[in-house]
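Participant: Sequence:
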Amino acid sequence: MTQQLLPTTMVGSYPRPAWFTQQLAGKDVLEAFKVAAHAEAFHDATRVVIKDQEDAGLDILTDGQMWFDDYNMGIGSFLWYWLERTKGFSSEKLPHPARDKAKGRDIWALDEAGGVAVEGAIERGPVRMELIYRWAQRHTQKPVKACIGAGPVQLSTLAHFRSGPVKNRYDLSRALADVFRAEIGEVVGAGCKHIQLEDLGAWMPHLSGEKDYDWVTDVVDRTMSEIPQGVERSWHFCMGNAWGNKLEGMTAGGYREIMPHYHNTKIDAYVLDFACREMEDADLLRKIPSDKKAHVGVIDVRTLEIEHPEQVAERTRKVLKHIDADRVTLTTDCGLKQLPRVVAVQKLRALAEGAAIVRRELR
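In terms of the numbering used here, the numbers along the sequence shown are unbroken and rise by one, the last being 363.
Errors might be hidden in some of the hints.
As the list claims (entries may be wrong) - Pair ranges (Cβ atoms, derived):
(1) 190 / 26: 18 to 28 Å
(2) 357 / 280: 16 to 26 Å
(3) 120 / 361: 53 to 63 Å
(4) 31 / 190: 19 to 29 Å
(5) 208 / 178: 21 to 31 Å
(6) 95 / 54: 17 to 27 Å
(7) 104 / 181: 16 to 26 Å
As the list claims (entries may be wrong) - Keeping only pairs whose Cα atoms sit at most 20 Å apart, straight-line, the calculated SDA-like set for lysine to any residue is:
(8) 93 / 130
(9) 142 / 59
(10) 142 / 161
(11) 193 / 143
(12) 167 / 231
(13) 142 / 231
(14) 27 / 84
(15) 211 / 168
(16) 87 / 162
(17) 292 / 213
These aren't lab readings, by the way, just hints derived from the structure by calculation. Quick caveat: nothing in here was measured; it's all calculated off a predicted structure. Ideal Cβ positions, reconstructed from N, Cα and C, are used throughout, including at glycine.
Using the sequences and the hints given, assemble the complete structure.
Facilitator: Here's what the structure looks like:
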């Protein structure tokens with residue numbers, strides 16, 4: 001793992017280059033890439049996205065999730081990539097199961113997400129996480145983080161249950177955890193040292209009741225349980241990529257309400273957003289267990305405004321009032337997919353330059 005003080009990274013997704021217009025539309029990448037132009041565009045896009053991060057000065061890179069399609073939601077097929085390629089789900093987009101109970105802008109978010117039917121046993125399909133990781137890592141000497149999501153708990157909240165052996169979201173999430181764990185194991189076997197689970201199901205107990213905190217913890221632990229020492233296990237749960245800058249709806253109460261319930265989760269780091277609220281609740285980092293680290297969002301992905309490096313440095317200083325620098329990675333609040341690429345790359349440069357300012361101060 002990287003030894004840099006205050007290492008920099010981004011959460012996962014990145015804007016597609018304008019010329020990369022092909023869509024997987026549910027296909028296995030190995031089927032879609034029989035079309036040479038699609039394969040060429042995908043690999044070129046991945047190479048370009050990695051180069052953008054290197055040029056910006058990031059320490060830990062991602063593949064930008066060029067395997068996401070341009071579906072609705074700010075992050076494309078974040079919710080659908082796994083559903084489309086895991087056996088046991090219907091192929092059509094249904095209404096979200098909670099649609100009729102939603103209020104306010106949560107209605108819009110659920111309509112964008114949609115729902116899916118469970119029709120059979122949940123089994124592995126052509127997700128290809130190991131292959132996707134290998135494709136990305138060959139483009140750089142820097143470490144590539146594997147961004148795995150949307151995760152089992154979050155996906156289970158989209159399900160309608162029809163026929164078949166899986167009857168409820170609890171059983172579904174555990175079955176999905178087994179699928180995810182197998183994929184993650186192959187990625188680790190390929191040499192990946194940074195595994196980031198992206199599962200906003202962390203917020204589910206706020207709606208379903210405190211009893212479900214144990215369920216979420218169990219599923220996350222089950223998903224990440226076979227990752228060996230020496231590989232960082234991180235868990236990202238922001239407040240919503242495109243709409244999570246206020247504490248309302250499913251995220252009412254914010255991290256202050258839910259974080260204590262996840263202190264015993266078997267992970268190494270939490271990946272949290274703070275920049276969109278100008279770090280106002282960064283003090284809760286004081287209470288993170290001493291055996292865990294924090295990937296702290298210091299770049300707001302919900303605005304086109306490009307941060308100045310000094311602005312990033314000041315956000316970082318606020319963080320370091322509450323947690324030691326050797327336990328902090330600096331990151332974006334969430335994925336950058338919904339932003340124009342010209343904005344995204346400037347934000348990443350500000351992230352790297354702001355981190356450098358604070359590193360110099362700490363010497």
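Participant: Indicate, hint by hint, whether the structure satisfies it.
Facilitator: Against the structure, the hints come out as follows:
1. 190 / 26: 18 to 28 Å: 24 Å, holds
2. 357 / 280: 16 to 26 Å: At 22 Å between Cβs, range holds.
3. 120 / 361: 53 to 63 Å: Given about 57 Å between the Cβ atoms, the range holds.
4. 31 / 190: 19 to 29 Å: 21 Å, holds
5. 208 / 178: 21 to 31 Å: 22 Å, holds
6. 95 / 54: 17 to 27 Å: 42 Å, violated
7. 104 / 181: 16 to 26 Å: The hinted range 16 to 26 Å is violated for residue 104 and residue 181, with Cβ atoms some 36 Å apart.
8. 93 / 130: Violated, at roughly 27 Å.
9. 142 / 59: This hinted pair holds, its Cα atoms lying about 7 Å apart.
10. 142 / 161: 43 Å, violated
11. 193 / 143: 7 Å, holds
12. 167 / 231: Given that 20 Å is the threshold and the Cα spacing comes to 34 Å, the pair is violated.
13. 142 / 231: With Cα atoms ~15 Å apart, residue 142 and residue 231 stay inside 20 Å; holds.
14. 27 / 84: Distance ~8 Å between residue 27 and residue 84 Cα, so the pair holds.
15. 211 / 168: Holds - the C-alpha atoms of residue 168 and residue 211 are around 16 Å apart, at most 20 Å.
16. 87 / 162: With Cα atoms ~14 Å apart, residue 87 and residue 162 stay inside 20 Å; holds.
17. 292 / 213: 19 Å, holds
The structure is inconsistent with the numbered hints 6, 7, 8, 10 and 12, although it conforms to all the rest.
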